[in-house]
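Residue numbers (our numbering), protein chains in the order written: chain A, -15 to 210; chain B, 21 to 430.
To be clear, the hints were calculated from the coordinates, so they are not data collected in a lab. Ideal placement from N, C-alpha and C gives every residue a C-beta, glycine not left out. One should not assume that every hint holds.
Residues from chain A shown here face chain B by an in silico Cβ test under 8 Å; the list is partial [as the list claims (entries may be wrong)]:
#, residue
1, Arg25
2, Gly26
3, Ser28
4, Leu42
5, Ala67
6, Glu85
7, Asn87
8, Glu179
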Amino acid sequence: MSDVLIEAKGLKKSFLSGTEPIPVLDGVDFRLSAGTSCSIRGESGSGKSTLLNVLSGLETADAGELHWSGRRVSGLSLSGLAARRAASIGFVFQAYYLAPELNALENVLLAARIHGRVDRATTDRGIHLLEKVGMGHRIKHSSTKLSGGERQRVAVARALINDPPVLLADEPTGNLDEKTGEAVLELLLEMTAGEGKSLVLVTHNPEFAARTDQQLILHLGKLSEN
Amino acid sequence: MPWYLYHALKQLFPSGRFFSFFSLVSITGVMLGVCVLIIVQSVMNGFGEGIRKRLVETDGDIRIRSNEVIYDWEEYYERLEAEPDILAVSTFAEGVIMLQHQNRPKFPMIRGVSPWDENQVVPLEKFITLGSLEDFDDEGVFLGEGLAYTLRAGPGSIVEVFTPLMLERLKEDEVLLPREFKVIGLFRTGSPAVDGNTMISTQRVMQELYGLEDGVHGMVLRLRPGVDAFQYARWLEAEVLRPGLEAVSWLESNRDFLFVVEQEKRIISFILIFIILVASFSIAIALMMAVIRKTREIGLLVAMGARPRQVAYSFCFQGFVIGTMGTLTGILMAMVCLHYRVPILAIYTKLTRSEVNFLGQYDVYEIPVHYLASDFIVVTCFAIGISTLAGLLPAFRAARLKPADALRSE
């Protein structure tokens, strides 16, 4: 297996505003090695989330190449990418996106269900992850009754349930107050390092960005080292 | 269980709650539609069945008729009596007469029967409400209750009978004297058409009145239960009866009436189907709202590796579950309502201070119910099918969502 988990070359992506194409990514090169973390900063609307979506296969690039663990995935359909993504990438979003109909543990296990794995061992791992993120005492609580910080902790556990080598975190502290945000980031770094995962962190916060191995800035569609 | 089925069930029955409001309202809609449909169909079946039973009792299973007077009936009587699928045979002669009592004339049918033979085919003894079959002789007649009421006649009354044969004799300058009979009893079959328009005499009397000698107008057969009357009539015509003798099953005799009863049920069911269609429309709207409300959640499902078609299955399955639960609870509710129909009707009439006027016709004194498996199967398939289809459009929309757009949506 390749040591490089995600590699992108010359990614281009533009959106139409009326009939006018607005370039968002303009030849982005990116490389994420196993067990490393990197941050991507940029102004609002600079295309950070779009880059994350393209890297994770949620969105297709107009041009360029994308490889996951050495395998070329650009050109695959969204449906084809979905099956590979479940095992390859975990997501943490700014707005948590927990299903309100499920409790904390069920939310975590939903990702495993989609991946086609729900057995006793997976359930135990879900409980273990919730305990590790400090939610062991609220595993049966409805997600609607959790605070923002608690929801994000559950989202972190959910991102890790399928044991993906890469975690993509899109402004995971954006909806949280400073103290809670600090705690969640700490948890994210700790969990990814502890589990030997790679992390791509999209953030506005330079202090948070500084705590990753590699700091990148997206500006005018180009990605550059800080 | 595939994740999309699990997801669908959790959408309808969230953890920590028995029902979501959406599922409760949707299931109730289907339940009410199915309940009303089953109740109406079962009651209509009940009325139809009651009427059919009454028709068979009154007419017998098969009538053998001819355009002419049947003089060789004895030969066929014996052959028919020997058939294993025929339980009883009776002969009859019938026609129109003028009947008069205290200057009140009527023109009813007269049916001349061999009382004890007839009683084996038609439950004559059961129909008699006043008088006794034991007293039936050539001097007496039984009147239908409706006819007796019109003539103001009752047991003991003397009625006068004029026949077409008498009119023929009048043409030959003979003195026209009516034949007098004593009313020895009344009968009620439950069929207003029969009870209001029929007099029963002995067959011998009818043969005299019509000048038939020992001829009859036909024979009535009672078949073994389970024998198809229509098919058996065809077999009799082909294998037993001579040309000129026609076997007519009760289904054929009352074809028009039975057709109207059946059509009435179909038309009412067709109208009530719209209740289920409205319910399915509300399911479609509710699911569509769920797709819009959960757009970002759908985006997340795809981000976690869900395929678009699996997302579609989830919403389609929600429609299926709503339809199934609504149908099952609707059937259960219908059965309960029908079981307690008598007290429910009593409460209804008390609250509305109304009387249920339709009762009493065809001797039906309470709301009749007859369950048909075919009704249940059709209603179940229809309700579940429509509910599942109602989930298709939202499912299609959910499947078409692009994950990145869905996650970005506000």
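With a cut-off of 8 Å, does the beta carbon of Glu179 of chain A approach a beta carbon of chain B closely enough for the hint to hold?
Nearest chain B Cβ about 18 Å off; hint violated.
Given Glu85 of chain A as an interface hint, is its Cβ closer than 8 Å to any Cβ of chain B?
4 Å, holds
Chain B contact restraint on Ala67 of chain A - CB to CB distance below 8 Å
6 Å, holds
Quick one, is the Asn87 of chain A hint okay against chain B at 8 Å, beta carbons?
Hint on Asn87 of chain A: holds, closest Cβ of chain B at ~5 Å, below 8 Å.
With a cut-off of 8 Å, does the beta carbon of Ser28 of chain A approach a beta carbon of chain B closely enough for the hint to hold?
At 13 Å from the nearest chain B Cβ, Ser28 of chain A fails the 8 Å test, so the hint is violated.
For the restraint on Arg25 of chain A, tell me whether the closest CB of chain B is nearer than 8 Å.
Where the cut-off is 8 Å and the nearest Cβ of chain B is about 19 Å from Arg25 of chain A, the hint is violated.
Satisfaction of the Gly26 of chain A interface hint, Cβ to chain B closer than 8 Å
16 Å, violated
Classify the hint on Leu42 of chain A as holds or violated, based on whether any CB of chain B lies nearer than 8 Å to its CB.
5 Å, holds
Going down the numbered hints, you'll see the structure goes against 1, 2, 3, 8, while the others check out.
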